[in-house]
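A.B. asks: Below, each chain spelled out in residue letters.
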Amino acid sequence: MTPLTGAAPDHLLIAPLLIPLIAGALMLFYDDRRRWLKFGIGLAAILLLANVSLSLMDRVGQADGARVYILGNWPVPMGIVLVLDPLSAMMVMLTSILALPTLLYAAAGWQGKGQHFHSLFQFLLFGLNGAFLTGDLFNLFVFFEVMLAASYGLVLHGSGVARIREGMHYIAINLIASLLFLLGVALVYGVTGSLNMAEIGQVSRTLGPEQRPLFHAGAALLAAAFLIKAAAWPMCFWLPRTYAAASAPVAAMLALMSKVGVYALLRGAMLCFGPDAGVSAGFGGWILSALGLATMVYGAAGLLSVDRLAQRAGYVALISSGTLVAAVGMGLQGGGERLIGGALLYLFGSTMAVAMLYLLAEMVERQAPPEPNAEPATEATRTPEEEIEWGPMGLGAVDDDDEPVMGLPGSLVAVGGIYAATVVILAGLPPFSNFVGKFAMLSGLLASANQSATLWPFLWAFFAILLASGFVTLVSLVRYGIRRFWYDIDDRPRILALEVTPVAILLAGLCLLSVRADEAMRLTLSAARDLLSGGYIHTVMEVRPVDPGIGTPTDAGDAAP
Amino acid sequence: MTFVLACAIGILIGSGIWLVLRPRTFQVICGLSLLSYGVNLFIFGVGRPRVGAPPLLTKGGYVDTSAYADPLPQALVLTAIVIGFATTALFLVVLIASRGTTGTDHVDGQEPGR
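Top to bottom, those sequences are chains A and B.
So the first sequence is residues 1 to 561, counted in the working numbering.
So the second sequence is residues 562 to 675, counted in the working numbering.
It is possible that part of the hints are untrue.
[What the hints assert, rightly or not] Computed Cβ-Cβ distance ranges for the label pairs, DEER-style:
no., chain 1, residue 1, chain 2, residue 2, range
1, B, A569, A, R529, 46 to 52 Å
2, B, S576, A, R494, 50 to 56 Å
3, A, V279, B, S576, 34 to 40 Å
4, A, G208, B, P673, 28 to 34 Å
5, A, H538, B, I642, 44 to 50 Å
6, A, S55, B, I642, 34 to 40 Å
[Claimed, not checked] Chain A side only, calculated, beta carbon under 8 Å to chain B, not exhaustive:
no., residue
7, E145
8, L175
9, L187
10, A281
I should point out that these hints are in silico values taken from the structure, not numbers from a laboratory.
Ideal placement from N, C-alpha and C gives every residue a C-beta, glycine not left out.
Bound conformation, chain A alone (with noise of 0.2 Å):
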């Protein structure tokens, strides 16, 4: 990694914060009525997020990789640097890809079912993509709060009892995992004496024996944090209830939000805990692994027992998250690079198609036959004292032009062929790329087992679990496809075009993932290599202030490669 000492500061690291920011602030300028104009404000802002983000991949891919922004040019350890390296700029594109065709469901009709929909989505992308870009531990807890904040809205966004109480437990929940955070960063602060991520990774492997107990006990609330937010067992059972109660689009984004916490997990425990840690390797890894496995068995097991598709989809996404804190556990336990470049290939794919598949609950559920202890899909009504009493504290609906504008009656065969293939691609079948990726973490961990010998038991129960839980995931989705098409054949709600086509970009998303898989696991496995390697320390301590030497010529000069 060449300093980048008098280099032209990389000002595009910054665009995919201060885009949604500057777009979400926008907004709320106009009032609520206008909200094809937000629409339209939202959908600008979420295409330029999509080229910077591209843009930020293809600048990762070159030479010398990983690149650091520094904020307000304060020198390295003191200031707050934001990181762009293989893992952060995936995921930022990752947020930009899922963003669109969730804002297009919006679009269809949800952005009419309550206030400020779209500020508190683009404040969402902000803090999404503000938590994947920082290097500074505080700066990601301001980040996760400004993503929280945001997903409380958007929990409660179009109101109605269900999602006021299952709101109401997800806010207290993620606040009490925010203390947690805190306590963490407070104790990893006091004994290492920093905040920056990459200067705690280079300072926790010089610890004094007595001081590493305290950073262990600080890292481990950290890791309770990060793993209520990805929601692995017995910090799970908030997730399916809450997801379903969500509307259809903002459980999309909420199966990313998710995520976040297996990304933080996996940037802390690799920075501090990575094989060339010294003393401290791995330390909570069979932990990890553990509570990955018993979260795929609760989710596998949850999906069996559930009805309705939006409350499957959350056990599929709690399988999900704990593929990948099995996979993040066992890599700090010494699973090798390809474990970790499989599972970042899963995280990807995974998250798509579960977003997917919320997407899609809510047009299968629209008129589906009411279910004992199921809320409908549609809105209820609201009474006119509920408005009265209501409707000036905001949390009434604003639904004065309810029918979306366009869109084409689509058929209930369109959807049902998409989820067969949303199907095919959760339950990791091949060719989609969630096969390629459970199989390279198979692959990668039997490769790398040798090597270690704790290793070996968690092997065989992640082979085990991973294979039944995908089998499982089949035989659900199935029986549920079954019953809704085929046999429920005369049940056709009225589908929007305008549903479909995010539905369908997704999955053309996913099948152009599968189909340049290489070049996708070549990304993933160099982020993996990064990620072991401590490249991200070397990065970030060797970066230097910019000189001001303010834009001469010469200056200019130097800065170009």
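Assemble the complex: chain A is given as a structure, and chain B must be docked to it using the hints.
C.D. replies: Just chain B now, with coordinates in the frame of chain A:
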């Protein structure tokens, strides 16, 4: 002073956890507030606070850093207070909405045994 600080954190966190586990929403929000006070004191505590050590440097001249307190935890506490205050206020709104829509202040939106 360390002992008093530790006791204060312990009492706040202990009562906070007890309240968070209670079934009424008002108890939960009180518990969350107490927990956040305890956590804020804890962050303050990791800066190794001492009596009579200000966190701000005076202007100019030689500075003996050992005579000053670490200002960073105090800045972190400030940020944490602001964020905690905002999220608690949001939770309060949801709590009132839940009370209004379900007619009960139980966290599950219905009285047990009904």
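A.B. asks: It remains to establish, for every hint, whether it holds in the given structure.
C.D. replies: Results for each hint:
no. : hint                             : verdict
1   : A569(B) with R529(A): 46 to 52 Å : holds, 47 Å
2   : S576(B) with R494(A): 50 to 56 Å : holds, 53 Å
3   : V279(A) with S576(B): 34 to 40 Å : holds, 38 Å
4   : G208(A) with P673(B): 28 to 34 Å : violated, 52 Å
5   : H538(A) with I642(B): 44 to 50 Å : violated, 36 Å
6   : S55(A) with I642(B): 34 to 40 Å  : holds, 38 Å
7   : E145                             : holds, 5 Å
8   : L175                             : holds, 5 Å
9   : L187                             : holds, 7 Å
10  : A281                             : violated, 25 Å
Hint violations for this structure: numbers 4, 5 and 10, all remaining hints satisfied.
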